[in-house]
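Protein sequence lines, in the order shown, are assigned to chains H, S and W. The first sequence begins at 1 in UniProt numbering and counts up one residue at a time. The second sequence begins at 1 in UniProt numbering and counts up one residue at a time. The third sequence begins at 1 in UniProt numbering and counts up one residue at a time.
Errors might be hidden in some of the hints.
As the list claims (entries may be wrong) - Computed from the model, here is a short list of chain S residues facing chain W with C-beta under 7 Å:
#, residue
1, MET23
2, HIS187
3, HIS501
4, ALA545
5, PRO547
6, MET549
7, PRO552
8, ARG555
9, ILE560
10, PRO564
No wet-lab data here; the hints were simulated from the structure. Ideal Cβ placement from N, Cα and C applies to all residues, glycine included.
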Amino acid sequence: MADGAWRRFALRRTGRLLVSLWVLVTASFLMIHLVPGDPVRAALGMTASADLVAARRQSLGLNDPLWLQYWHYLRDLFTGNLGDSMVSGLPVADVIGDRLPATASLAGLAFLAAVALAVPTGVGMAILTRGGRRRWAETTYVSGSVVLATVPDFLLGVGLVAVFGVQLAWAPVAGRGGTATYVLPVLSLALGLAAVLGRIVRVEMVSVLDADYIRTARAKRLKARTIYLRHALPNALTATITVAGLMLGALVAGTVLVENVFAWPGLGYAIVQSILSKDYPVVQGIVLVYGIGVLLINLVVDVALALLDPRSTIRES
Amino acid sequence: MPRRWLNPTAIAAGVLLLAVLVMAVVAPIVWSEKADAVDTDQILQGSSAEHWAGTDSLGRDIFARVLVATGLSVSLALAATAIGISVGIVLGTAPMLFGTSPAGVRAGRLVTAFVNILVAFPGLLLALFFAVVFGVGATGALLAIGFASAPSFARLVHTLVAGIAERDYIAAARIAGVGRVRLLVRHVLPNIAEPLVVNATMAAGGALLSFAGLSFLGLGVQIPSYDWGRMLGEGLGGIYVHPSAALAPGIAVIVAGLAFNLFGEALARAVGLRNPSARPHRTPVAPAVSTSDGAAVLAVEGLRVSYGAVTPVRGISFAVGRGESVGVVGESGSGKSLTALAVARLIEEPGHVSADRLEFQGEDLRQPKRAHRKLLGTSLAMVFQDPMTSLNPTQRIGRQLAEVAEQHQGLNRRSAWARAVDRLRAVRVPDPARRAKQLPHEFSGGMRQRAMIGMGLMGTPALVIADEPTTALDVTTQKSVLELLRELREREAVALLLISHDVTVVRQVCDRVLVMYAGRIVEELPAASLTTAARHPYTRALVAAVPDMDTPRDRPLATIAGRPADPAALPEGCAFAPRCPLADERCAREDPPMVAGVACWKAGAVIAPDLQKRSEAAS
Amino acid sequence: MSVLDFDRVTVTFGRHTVVRDVSLAVPEGAVVGLVGGSGCGKSTLARAAAGLVPLAGGRITVDGGSPRGRISMVFQDPYSSLDPRMRIGATLAEALPRRTPDRKSEVARLLDLVDLAPDRARMYPHQLSGGQRQRVAIARALAGDPDVIIADEITSALDVSIQGTVLNLIRELHRRMRLTVLFISHNLAVVRYVSDTIAVMQEGRIVEHGPADDVLSAPEHPYTRELLEAVTP
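Pulled out of the complex, with its shape left as it was, chain H reads as follows:
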C-alpha cells in the first residue's frame, strides 16, 4: 500500500512539474511577442535603419508564423541553444553560464545563514513563550522580527553599505571576490528571511507544543529534551519546510535587487541591464533559469515533506 502511495505521489508530482515547466517555457516564449510594438525596433533604437531592423527580424525568425517560432524555440531549448544577445551578440547560454555561479552561491549561502539563525531562535522562543508566558519576550521578539522582515533586503543592503562600508569601512561594498565580499550581500538577504522564518518556527512550535500528543509525551514523563527534540521539532518542521521552500524561491528572486546594490556580477545584475537595454533573448533566458530554479526548489521541498510526514502523500490522493 505504501509503495502504491509513493508511486502515485511520484506520478502526480512529476506531472505537475512538467505542466509548470511548460507554462514557464511558453510564458518566456510569449514574452517577446507580448511586448507592445516591434521588439527589434525597440532594442536597436529609433536611429537604426529599416534595413537593419528587417535583417535582424529575419535572423531572429520573427517573420515566421507563430507556431513555427514556438517549435523552433522548443527545439533550440532542448539543444541548449538560448539564442544570442541582441546587444553583445554573445550566446545567451554563455552569459548565463558565466553569471549563474555568482547568484547561486549568494542565494545558497544566504539561505543557510537564515536557517542557522532562525531555527534555534524560533525553537528557543517557543519554549520560553508557549502558553502565553513571558509576554514581554514574545512581544519583543515578534515586533523585532516584524520590523526586520519589513525592511526589504536591498534597503538593508543600502543600510549595511552606509554603515559598514562607508562609515566604518570594514567590508568591501561592491563586486565579487574573496570571502569578505560575500559578507554584506549574504547578510542583507539572510536577515529578513531569518526574521520571517524564525517567527514561523516559533508559531509552529508553540502550536505543536499545544497538541494532544505532546500532552501524551508529558504524561509518559519523558525528559524535556526528548519531548522538545524528538516529539515536537519534527512535527513543527513540516510546516516550516513548506514556508522555507517558498521563501527560498523568493530569495532567488530577491538576489536581483541585492545584486544591483552590490554590483554583484550575477544573473540579477544582468537581467536588469538587459531589460533596460531591451535585450530580450537574454531576459528570456534568465527568466527561464530563475523559473526552473524555483520549480526545482519546490520539488525538493515536496519530496522532503513526503519523507518527513508520510500522511501528506496519502492525504492528497
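Could you slot chains S and W onto chain H? The hints should help.
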C-alpha cells in the same frame, strides 16, 4: 469588541498609518514647490539647518522631495494592491461560481490548477516578467506589481472560500434554494472579509516595497516623476560622498512599509488570535471533607485548578482505592477533565493547581520532585479522548511505546522494542510485531486507543486515568475498549479513574461515581444506585435526560432548564440553583456542603412533575 | 404511500463507494431512524437527498417527483450551521419561499414553533446557546414548509442536559404537524426514542430495516445485534 483594539502596538500602528496616508495627500500640495526648486549654488550639500537631508544634484531639497514622493509611492502601492485583490477575488471565487455541475467542476479545477502553478513563482519574478511585457515605466510597474500579487490573493481567497463552503450554513442556504451569486455575496464574502482585509493591508505594504524595488532598478517611475525607489537609486551612486540622499528615502520606505505591516498585524490580532492574558494567582483553599483512607492509590483533598480569576475546579476531595474503579460524570465545563489533568500533574501555566492533599501511592505530589518522574511514568497511565491526535503522527507506534521503557526502566533499544510489541499483544492489537512498525494514521480509532492503553502498560500501573476514552469511538468499538479496561483491572489489579459525560458508560464500568457540576463534586454514590437512589436533583435530571433502551417513548424526556454553569460567572450559593426546580432562597444564598455523599440543601426531596418542565424564557 | 424514496442509490467519492445500492422509503408522517457507526455513509445519504452530493446511481424522489426544494435539513453542529454574520431573523427569512407576504410575522411564528421568544430574531448566533441555535436550525428547516425534514446527528454536539429538550421538540413537532422525518444518529437509544421504524446502516449498505420494536427486540443482522449489545450493560 473595541477593548481588544486598545493595546499600545495597535494604537501606534494606527497612528503611524494615518500619518502616512495624510502625508500622501497633503505633502504634494504643500511642499511641491520647495521640492522642485532648483538651486545650482547648493548642489549635493550635506544636511544643514536649511536642508535637513541635504540637496541633490540639482540643489533640490531632499527632505521635501521625500515628503512629496509619499503621494506617488503610496497611491501606486494602493492601486497595485487594488488590482491584485480584484483579480485575486475573481480567480479565487471562480471555482465556486462555476458550480457543481461536472463541466463547472472541471472549469473550476482548471482555474485552481493555473493559480497553483503561478503561485509557485515568487512575486518579484512575476513582476519582472510583467514589467518586460507592460514596458518600463510607472504604468508598466503598476500593472506588473498588481498582476504579480494576484495569484497569491487568488490562492488565499480560494482557500478561505473553500473553508467557508464546507460550513453547514452554506449547505442549509443551498437547500433553501439560494443561488450561487447570492450565496457568495450574502454568506461567503462577509465571512472572509476579515482575513482578506488583514492580508490586503499587509500586501499594500509589500506592494510599496516592491515598487521601491522596481523604481530603484530603474524599471518603475521615470524622470521627471519621482518616488522613493527612484530617489534611492539616484542616491546610491553617491553614497560615499553623500549618504543621506540614499538613506532619507530608504527610511521613508521602511516607515511606510512598517505602518502597513504593523497595522495589518494589529488587525490580525484583533480579529483572530485572542490570547487570554491570564496570570495564575492563588485562591484561598476551602476546607474540604476528608474521604481518603490509608489504602488509597490516590487521595485528593481540596483540589483547586484556576486560570487567572476563573476557578473551574473549586476544592474537591475524593479517593481511589487499590483496584477500584471510580467514574467522574458531568457536562462540559464541569471541571472533570481538568481534575484528571491536575491529579496527573499535567496542568501547565497559566493554569494553577493547589490542594490540601494530593497523594499518589503514598507520595505527596504537591511539591515536584525528581523521583516523581519515574513514579508517575511507570505507575500512572493516561488515556485521552481523541486517539487521533493523542499519538505523535510522525513516530512509529512501537517507538512511542518503547521510549517509556528506555527512559524509566533503563532498557536498551532492542529490549524496549520487544516489550512494546509484547504490550501491544497484551492489549490485543493483532499482529503486534508488524503493527509496531506502523505510523498512527495506519491504525483505526479503536486500535489507536488500544495502543494508548498499551503505552500505559509499559510500566506496572497502579492507576489508569481515562479521560473520555470512548467518546471519539464508534459504539461497537467503544464496547471492546471498555471491556479491555475492565479486563486489565481484573488481571493486573489496576485502579481506574474514568472521566465521561456518558452516564451509561460509567454505569457499565465503574464501582463508584462522582457527579461534578460547576467545579464541585455534588454527589458521590455507588454506580449501581445511579438510576435508583440518586439524591441530588442534578444527578437525577442528568440520568433522566439521557434516553436509554428502556425509556418510555410516549413520555417527554426530563430536561434541565438553562445552560450549564459558566465557571467565569458562578452565582452565589449553590451553582445549580438557577436551573434547579427545587431551589429556594437559601439555595441561592448559601453553597451547600458535602454531607453524607451529597451537596444539596434539598437532597432527596420529591420533584413534582409540573416543576420539571420550564419554559425557554428561564434560560 | 411514501413521501421520500431512495431507489438503489449509490454515492461515490473518487474511487471510494460510500453509499451502495441503498433503497429506503420514508412514509408520510413517519419518523424513520437511520443508525450506524461513523463513516457508514448515513450522513452522505442525507446530503445526497438534500442535493448536496451528486448520485453515482439510482434515484431519490419525493412523492414520485424531484426532491428539489421539498427537503430541508438540520445539521449536527449548531455552531457551524448558522451564518455568524447574519441575524437569526435574516437566516430564517432567507429560507422562506420567495413570495411570502408578511415575512416578519412568519419569522415570529417559526420562532414560536420552536419555543423561542420573538425578540431572538434580532440576535446573532453567538448570542445563543447551543440548544437554542439548534432550535433556530429546526425553525429554518420548517420555514420552506418542506415535505420531509432530515435531521443529521442533531443532538451529538449538545450537552446531555440540552439534548433532551431538542429531542422533545422533534417529537412534539412531529405529533402536532405530522412531520415526515428521516432521523439520523449513531446513538441507538436516541433513535429508538423518536423513531417509528429503524434502518441500520453498515459500510454503505442498509443491513436491516423494520418497525422499531421488531428491529430492537428481534434483530436479524449480526451488526444490529452488535449495536444492541453495546448499549445494554
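We went through each hint and held it up to the structure:
Checking MET23(S) against chain W: minimum C-beta separation of about 35 Å lies over 7 Å; hint violated. Against a cut-off of 7 Å between C-beta atoms, the interface hint on HIS187(S) holds, since the closest Cβ of chain W lies about 5 Å away. Among the interface hints, the one on HIS501(S) holds; its C-beta lies about 6 Å from the nearest C-beta in chain W, closer than the 7 Å criterion. Given the 7 Å rule on beta carbons, the hint for ALA545(S) holds: about 4 Å separates it from the nearest Cβ of chain W.
Against a cut-off of 7 Å between C-beta atoms, the interface hint on PRO547(S) holds, since the closest Cβ of chain W lies about 4 Å away. For MET549(S), the shortest C-beta to C-beta distance to chain W is roughly 6 Å, which falls under 7 Å, so the interface hint holds. Because the smallest distance between the Cβ of PRO552(S) and any Cβ of chain W comes to about 9 Å, over 7 Å, the interface hint for this residue is violated. For ARG555(S), the suggested interface contact is broken, since its CB lies about 10 Å from the closest CB of chain W, more than 7 Å.
Given the 7 Å rule on beta carbons, the hint for ILE560(S) holds: about 4 Å separates it from the nearest Cβ of chain W. Because the closest C-beta pair between PRO564(S) and chain W is about 6 Å apart, less than 7 Å, the hint holds.
Taken one by one, the earlier hints fail for this structure at numbers 1, 7, 8, listed in ascending order.
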